[in-house]
Amino acid sequence: MPETTPTTNESAPWEIKRSPSVRRSAGKLIPWAIGLVLLLLILWSLRSRPIVIETGMAARKPLTVQISEEGKTRVKNRYVVAAPVSGKMRRVLLKPGDQVIAGETVLTSIDPAPSTLLDPRARAQAEAVVSLHKASRQQAVELLEVRRAR
Numbered sequence: 021m022p023e024t025t026p027t028t029n030e031s032a033p034w035e036i037k038r039s040p041s042v043r044r045s046a047g048k049l050i051p052w053a054i055g056l057v058l059l060l061l062i063l064w065s066l067r068s069r070p071i072v073i074e075t076g077m078a079a080r081k082p083l084t085v086q087i088s089e090e091g092k093t094r095v096k097n098r099y100v101v102a103a104p105v106s107g108k109m110r111r112v113l114l115k116p117g118d119q120v121i122a123g124e125t126v127l128t129s130i131d132p133a134p135s136t137l138l139d140p141r142a143r144a145q146a147e148a149v150v151s152l153h154k155a156s157r158q159q160a161v162e163l164l165e166v167r168r169a170r
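Numbering (the working numbering), first residue to last: 21 to 170.
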């Protein structure tokens, strides 16, 4: 029976038909083809997805929009609130955003300070000041009489 397997110095019959340059270019073409396929797969996975939308019929209706946000107000005109009496102010019962009406809304009330005339220490101090002024006046009168006598 004749041998059909090639010997070590003989080439396979299909390689005999190809030239060496074709064998080298085929070896370089396979990695490039794999790289191109991978690049196309990456680009395909990164493509944008279609947007799901809802459709409906348009009709004329009133539009109601409500915006609820927090913000800061900037005061353009400053007003001084003053009281004709001294005392302790009670807690303000209004909260930010409450509606006020000019001349009707009471912001707070003031408890009058206790009278200092009823305090024994304040009374003694006032009497000392009065006697000091009387003595000072008496001294000024005596000095005036001495100057007139000269």
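Since the hints were derived computationally from the structure, they do not count as laboratory data.
None of these values were measured; they are calculated from a predicted model.
Check the hints yourself; a few may be wrong.
Stated by the list, open to error - Straight-line distance between alpha carbons at most 16 Å, and here's what the computed EDC-like set of lysine to aspartate or glutamate pairs gives: (1) Lys92 - Asp131; (2) Lys115 - Glu90; (3) Lys108 - Asp131.
Hints and how they fare:
1. Lys92 - Asp131: violated (32 Å)
2. Lys115 - Glu90: With a Cα-Cα distance of about 15 Å, the restraint between lysine 115 and glutamate 90 holds, given a limit of 16 Å.
3. Lys108 - Asp131: holds (5 Å)
The structure fails to meet hint 1 from the earlier list, while all remaining hints are met.
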